[in-house]
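Sequence lines, in order, name chains A and B. Just so we're aligned, residue 1 is where the first sequence starts under the working numbering, counting upward by one. Just so we're aligned, residue 1 is where the second sequence starts under the working numbering, counting upward by one.
Some hints here could point you the wrong way.
What the hints assert, rightly or not - Each computed EDC-like pair below joins lysine to aspartate or glutamate, with the alpha-carbon atoms no more than 20 Å apart:
(1) A/K154 <-> B/E39
(2) A/K38 <-> A/D234
(3) A/K154 <-> A/D130
(4) B/K42 <-> B/E57
(5) A/K154 <-> B/D250
(6) A/K38 <-> A/E15
(7) A/K89 <-> A/E116
(8) B/K98 <-> A/E116
(9) B/K77 <-> B/E60
(10) B/K162 <-> A/E116
(11) A/K85 <-> B/E57
(12) A/K35 <-> A/E255
(13) A/K89 <-> B/E57
(14) A/K85 <-> B/D163
(15) A/K89 <-> B/D140
(16) A/K122 <-> B/D163
(17) A/K85 <-> B/D140
(18) A/K75 <-> A/E116
(19) B/K77 <-> B/E39
Rather than coming from a laboratory, the hints here were simulated on the basis of the structure.
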Amino acid sequence: MRDEERKHSKEPVIEARQLTMAYGQRLVQRDLSFKVHKGEVKVIMGGSGCGKSTLLQHLIGMMAPVSGEIFFFGKPIPSDEVSLKNLRKRFGILYQSGALWSSLTLAENVALPLEEYTEFKKGEIAELVDFKLSLVGLSGLGHRYPSELSGGMKKRAGLARAMALDPEVLFFDEPSAGLDPLSSRRLDDLILSLREALQATIVVVTHELDSIFAIADSALFLDTGKKTATAEGDPRKLRDDANAPLAVRKFLRREADS
Amino acid sequence: MSDRTQQFGVEVREEEGRVVWSFSGEWTLPRADNRRRAEYRKRLVQSLREGGEVCLEMKEVRGWDTSFLGFLAALWKTGVNEYSCTFVDEDMPAGMRKLMSLARAVPEVPAEEGVQRDSFLRQVGLGTMRVFQGIRCYHDFIGTLFLDLGRLLLGRASWRGKDFWLALQQAGPQAVPIVTLLAFLTGLIIAFIGAIQLQKLAADIFVADLVGLSMTRELAAVMTGVIMAGRTGAAYAAQIGSMRVNEEVDALQSLGISPIQFLVLPKVIALVLMMPLLTAFANVVSILGGLLVAVGVTDVTMAQFHVQIVGAVSSVDVLVGLFKSMVFGVIIALSGCYRGLRCGKDAASVGRATTSAVVTAITWIVVCDALFAVVFHILGI
């Protein structure tokens, strides 16, 4: 059903056209063009320092590109505050460190977006918060402060907050960084079930190969040296495709230069 | 050669048209000897011939570590780059050869060709642009703050009562002990200095005027301002700054929640409300300090002191001080929050933000106090 639907929805959810990013004089990546379709899990991969997280910052409208454009649902990212705010309401973002608000409890963290954007009363919000926390396996820990959680729990709590408003697009910044293999596997499964359940479009920035092969429908490889995307496609195919650039195959096979 | 009897050494000899470096002994860090190493280095470099071949002999090496490899790698580099020598390393232990080839491998990222220095004019230009950018950012911040204040008054802001009460508690009651101590001592010191001078003129009673006027009009507000800048302003900058490092501010923005409404407004309002209360309290405590000196050091009685101070200090003086303290509160909270929000994403910039918040706040407190002095003088207040 999902594949069917994906074919029908021709208009991509996210589209980048000839995107060039830089910090001041220092070029990060240039000429990036790609599309993310509804329900797709797109992985942005590449070596450390290649500009993956910077690209994410651009996609969520926190940074403006030097040139090129980004479209959401067929429209360019708006520059005025109000429209940008309305667009961001449809996003959920999981930051690398979880970025939970340290002065709020876990439950308050998840509740804040709901208080901000819904008409729900306290009781209903508490119910929803409980539900979201139980989805990520943290039910009953709502009264804890972020400083009282382990790294993996913070990530999952961050995920519960990111999906508080049932977003259409979910962004993940290095979801498995710093997690043990089992926790990171569980997070991958969670990402896939979210896609299934919420029909969300998901963009993941990561360099964890296991995750890439487990979740990616399509991957975009950012090359550190060439400063542009050198490959895009199913990572499993890219790995075995003799036509794919050598750097990409080596990356996916975990081969170092001998 | 005598080298062999010592801990480490090297011998140079020519053999079949090539240079042989024969190392011996223990080339390790604990045995490193700067003077001898320099001597060997000089000798080895001298033995290099243009386009020659260098054979490395290691049979006699009894121990080595990276200090030896560093020594060797530098020589190798000189030999290859300056003399186009070739090195024969067949004799090297396998581990040593592996490390050497690792060190010689082409770096992943090409070495950057020295930092390009901008011309003087360009630096001045960039600096000026940064100043103007900074001013624009600050105006943006103030503008947004006022808009958000308006939204708050209309009841349309993301406002968390709990945060406000917490800020109120931190900026108010928790600051009382330190304000008490410093205000009391300030009153005491001023009265003491004044009393000694005034006694010479037999005008002891004017200690009351001195303490009363200087504290209520000027010093209580300024002292409290300086204390709060160091205490609360710094805390604001550090708290918001570390929230930036931890991406918490980004998370707010991406949810469309204004960090100014959520983080800055409660703090600014709390401090503006608490500053006059703290200053009023500082007034009372510092006058008590003055009273203690007046009664203890001079012959003034408590009743005389009371009558004198009530006559000298008018309610206008007190109100001027309280008004100033409110302005100082705005300055402290704004510089703390602004520096925090502009903080970079590493630990060092949290430190810079905190420092700069305190320095900015104290500077502006003093500058504003001077301006107030002029304005009040012109207005005749």
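Exercise. Take the C-alpha atoms of A/K154 and B/E39, compute the straight-line distance between them, and say whether it is at most 20 Å.
Key: The given pair, whose Cα atoms are some 58 Å apart, is violated under the 20 Å limit.
Quiz item: Straight-line Cα separation of B/K162 and A/E116 no greater than 20 Å?
Solution: With Cα atoms ~16 Å apart, B/K162 and A/E116 stay inside 20 Å; holds.
Quiz item: Does the alpha-carbon distance linking A/K35 and A/E255 stay inside the 20 Å limit?
Solution: 28 Å, violated
Quiz item: Holds or violated: A/K38 with A/D234, Cα cutoff 20 Å?
Solution: 16 Å, holds
Practice problem: Decide if the proposed pair is consistent with the structure: A/K85 and B/D140, CA atoms, cutoff 20 Å inclusive. | Solution: 18 Å, holds
Exercise. For the pair we were handed, A/K89 and B/D140, check the Cα-Cα distance against 20 Å.
Key: 24 Å, violated
Practice problem: Below or equal to 20 Å on CA atoms is what counts here, so check A/K38 against A/E15. | Solution: At roughly 11 Å apart (the allowed maximum being 20 Å), A/E15 and A/K38 satisfy the hint.
Self-check item: Hinted pair A/K89 and B/E57, Cα distance within 20 Å
Solution: 70 Å, violated
Quiz item: Hey, A/K85 versus B/D163, does the alpha-carbon distance stay inside 20 Å?
Solution: Violated, at roughly 23 Å.
Quiz prompt | 20 Å limit on alpha-carbon distance, applied to hinted pair A/K154 and B/D250 | solution = This hinted pair holds, its Cα atoms lying about 16 Å apart.
Exercise. Would you check the hint for B/K98 and A/E116, treating anything up to 20 Å between C-alpha atoms as holding?
Key: 60 Å, violated
Quiz item: For the pair supplied as a hint, A/K89 and A/E116, is the alpha-carbon distance within the 20 Å limit?
Solution: 10 Å, holds
Going down the numbered hints, you'll see the structure goes against 1, 8, 9, 11, 12, 13, 14, 15, 18, while the others check out.
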